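Heads up: the sequence shown at position 120 corresponds to 121 in the numbering used here, and the numbers run straight through without jumps.
Take the hints with a grain of salt, since some may be wrong.
Once the Cα atoms are required to be at most 27 Å apart in a straight line, the calculated BS3-like pairs of lysine-lysine come out as [to be verified]: (1) K26 to K63; (2) K45 to K20; (3) K20 to K3; (4) K63 to K3; (5) K138 to K26.
Derived from the structure by calculation, the hints contain no laboratory data.
Here the structure is a predicted model, which means the values were calculated and not measured.
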Amino acid sequence: MKWRYMQHCCHSLGELWLKKGNPDKALALADECLKLAEPTSSRKNIVKGWRLRGQAYLAEGKIEEAEAALTKALTLAREIGNPPQLWKTYQALGELHERRPDLEQARSTYASAVQVIETTAAALRDSSIRQTFLSAKQVAEIRQALGRLSAYSIPRSD
Numbered sequence: 002m003k004w005r006y007m008q009h010c011c012h013s014l015g016e017l018w019l020k021k022g023n024p025d026k027a028l029a030l031a032d033e034c035l036k037l038a039e040p041t042s043s044r045k046n047i048v049k050g051w052r053l054r055g056q057a058y059l060a061e062g063k064i065e066e067a068e069a070a071l072t073k074a075l076t077l078a079r080e081i082g083n084p085p086q087l088w089k090t091y092q093a094l095g096e097l098h099e100r101r102p103d104l105e106q107a108r109s110t111y112a113s114a115v116q117v118i119e120t121t122a123a124a125l126r127d128s129s130i131r132q133t134f135l136s137a138k139q140v141a142e143i144r145q146a147l148g149r150l151s152a153y154s155i156p157r158s159d
């Protein structure tokens, strides 16, 4: 089981380096996470590795590479049906679409994240756990992004 902890550690350290503004280190740790997760078919950690890779590419301004990695992460997240991996990956894709900018796609992607969050929250029987989940910082950030994009009319290109 030590190998599974190493996968988690690589992903978590990669997220830390990304938040500290070092996408190169984050990318290296994403690759290490994938190197450890893929041979053991640790699908949740494979999703995390691909998402981190996409986020690191996005931080470097490599939009095409970011989209490819995040699309792969989303495909895998859908296959395993893990709600946290789904909404976190939708959030990352929403950020990519905002950066592009494709605001309609960003809004749709954030809405997908919120839908997963709401479905997950509805399944929680304990109201205090549900409230804690719904008031989490990352959940609030997704709702704010959706609200920001929904607050004004996005012109359609018909």
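Compare the structure with the hints numbered earlier in the document and write down the numbers of the violated ones, lowest to highest. 4
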